[in-house]
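Participant: Given these sequences and hints, build the entire structure.
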Amino acid sequence: MPDKITKAIVVGASSGIGAAIGERLVTQGAQVALLARREEELYALCNRINEHRGEDLALPVVHDVRERKTIPGLFQDITTRLGGLDAIFFTAGVMPHVEPDEYSTDKDALMIEVNTIGAMAWFNEASKRFERLNKGRIVGISSIAGDRGRRRNPAYSTSKAAMNTYLESLRNRLGVKGVSVTTIKPGFVDTAMTKGMSGLLWMISPEKAAGKIVRAAEKKKNTAYVPGQWRLVGTIIRSIPSFLFKRLNI
Amino acid sequence: MSTSAAGYVFRPSTLEGIREVLTLARRTNRSVGFRGAGRSYGDAAINAENIVLDLTRMNRILDWNPKTGLVKVEPGVTIKQLWESILPDGWWPAVVPGTMFSTIGGCVSMNIHGKNNFTLGPFGDHILEFELLTPEGEIFRCSRDENYDIFRSAIGGFGMLGCFTSIKLKSKRVWSGLLDVEAINVPSLDAMFDCFKERLESADYLVGWIDTFAGGKSLGRGVIHRANYIDQGIDPNPAQTLRVEHQQLPDTILGILPKAILWKFMKFFINNPGMRLINMIKFRASRLLDRGGTFRQSHAAFAFLLDYVPNWEKSYGKGGLIQYQSFVPKDEAREVFRKQLQLCKTYKYPPYLAVFKRHRPDEFLMSHALDGYSLALDFKITKRNRERIWKLAAEMNKIVLKASGRFYFAKDSTLSSEDARAFLGEKALEEFAVMKRRLDPSGMLETNLARRLFGTS
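Listed in order, the protein sequences are those of chains D and V. The first sequence begins at 1 in our numbering and counts up by one. The second sequence begins at 251 in our numbering and counts up by one.
Check before you lean on any hint, since a few could be wrong.
With a Cα cut of at most 30 Å, we get these calculated DSSO-like pairs of lysine-lysine [to be verified]:
hint	chain 1	residue 1	chain 2	residue 2
1	V	641	D	4
2	V	514	D	135
3	D	220	V	517
4	D	177	V	633
5	V	641	D	135
6	D	135	V	633
7	D	177	V	564
8	V	568	D	7
9	V	564	D	128
10	V	580	V	677
11	D	221	V	564
12	V	517	D	4
13	V	568	D	4
14	D	221	V	633
15	D	7	V	641
16	V	568	D	220
17	V	633	D	128
18	V	580	V	447
19	D	4	V	633
Keep in mind that the hints were calculated from the coordinates and are not lab data. Values in this document were obtained by computation on a predicted structure and should not be read as measured data.
Facilitator: Laid out in structure tokens, this is it:
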């Protein structure tokens, strides 16, 4: 039986997959610090979760991952308030709309800052702690978009590809020390990020995705596609040669 | 040794350093727990997610007078450092625990006892004076003549009142590096009690080991070790036996196995069949060898049984172990311990080690001692048995409390807050709370143990 997660941090938790992971963990009886930028949504979510559960397990923490300097202090503060830490989930991510002929450095920088640097900043703190304790779980919500450089949103693909490589390196550093690092590659999940897009394949709800993500973390998976059938698609997409890939509208 | 947590560890080596850590704690709004060598079995030296002030670098012997046997030490000095420096002059620490790696600061905080508790009392009985730094930054000099109320609360006060910065102790004069030891095989629990009674007047040390796998008529069978100091003039060559080299524990077991890696082999025996076998062999061997005579053993070899196998606790595997020790008044002890041993059998969790000792009451506020006996039971803890062992412990607690028994912070892992309050009594608790408010008004000093038993957070 895999170890249950009893104390966790979820970064990027006011909506979408992050909110669903937070709720899922609380349902399992875990104490969870939920971090997000949007105060109102965050408090409303935590109140709802705690009321539903009947005890205060969800702890709201307002935070913008771009405020990097505050992260080490905040991390210590949260672990003290939780009284420990078993797992950290980084789900914060932005994907602004980018026109097919748009090349905006501001938008690109924002994606790298939030999706990649934000993840590194939080995982660095968690790694320091977990490495010393020889236990812990690091879970990064990446994307199938990171498997190849897509034409639709170059910087988003880049931010996720960077996260994949970063997580792989962490896994190789920390795996021998008993710390698991899981890369999650969701397909299409019904969240604000996919709103307005039509005809998306195998779309699942955030709740369903969260269940699969938490399970993958508990089982200490290296990489998990959510839902699982994307593994096949991912494998095919990764093996398409470039001369062909550039002609495909993926 | 079944509890773990992460904390922010600081290891100052000066008084100034300790003050800095206390200031930092105040600024960051964190609690501080003191830690010596970390040899308590439970959560006494753990302070999860807060500051752990490790005093092992405060390890200077400040003064030693070989004429009077008075020694002044910093709290991080270990029992090993102490005996190694005073024995060549013909002195031995009056009270030592089963391991020499504990720090003196830890021994004072827990007011530990040895195998001679019934004659020489606890560690605190041999402290003449100490200095205590409170979280507020004040230093109190305490002795039986000065600040006696702090003296009797801080000794055994599990680090809740302040940090010992210096401790003055008196040692015991010895005329040889050896002890006269007698091993007595006893076939039952009744025989164990009777034999203790018989030898109580004449013995300097007494300790009983019980084979917990034996049942029925043999329930409580085991071996008693009695030891006595050797009088002046008996040892023909004290200059040699008092040397540190003469005291060393053997480096190999049976002359073959290097003991540094022995725990790896022991691992295979730390289970029910393995321990049944070892307990049986130990008992039978002692019966075979029991010819009624005495033999000589060095002080260190007799006192520090736990140090024979370095890292022995690792052989218990990932889940570690707990020691359940209860202290019961002499008239009730026989019945209580019989029930405890039977309960272990009912639960099918035989303790892998059981140790029996005699005690006497002392003057300290939070004391665990009384006029009676104690039984210490080691249980291997795994993920699967943890809950049941705690249930077993809770049942045993009830029996102990009914008999007005007591418990010991250095060992405890299983007591509930109600149990702790019940054995200490409202009067002592109130007195301690008043002292806590006086010396640590902001409640900065805390440990996992303190939070578990007294909910001070």
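Participant: Please go over all the hints and tell whether each is borne out by the structure.
Facilitator: Structure-based check of each hint:
no.: 1; hint: V:641 x D:4; verdict: 22 Å, holds
no.: 2; hint: V:514 x D:135; verdict: 22 Å, holds
no.: 3; hint: D:220 x V:517; verdict: 27 Å, holds
no.: 4; hint: D:177 x V:633; verdict: 20 Å, holds
no.: 5; hint: V:641 x D:135; verdict: 28 Å, holds
no.: 6; hint: D:135 x V:633; verdict: 16 Å, holds
no.: 7; hint: D:177 x V:564; verdict: 18 Å, holds
no.: 8; hint: V:568 x D:7; verdict: 21 Å, holds
no.: 9; hint: V:564 x D:128; verdict: 25 Å, holds
no.: 10; hint: V:580 x V:677; verdict: 23 Å, holds
no.: 11; hint: D:221 x V:564; verdict: 29 Å, holds
no.: 12; hint: V:517 x D:4; verdict: 27 Å, holds
no.: 13; hint: V:568 x D:4; verdict: 17 Å, holds
no.: 14; hint: D:221 x V:633; verdict: 22 Å, holds
no.: 15; hint: D:7 x V:641; verdict: 25 Å, holds
no.: 16; hint: V:568 x D:220; verdict: 19 Å, holds
no.: 17; hint: V:633 x D:128; verdict: 26 Å, holds
no.: 18; hint: V:580 x V:447; verdict: 10 Å, holds
no.: 19; hint: D:4 x V:633; verdict: 12 Å, holds
Checked against the numbered hints above, the structure violates none of them.
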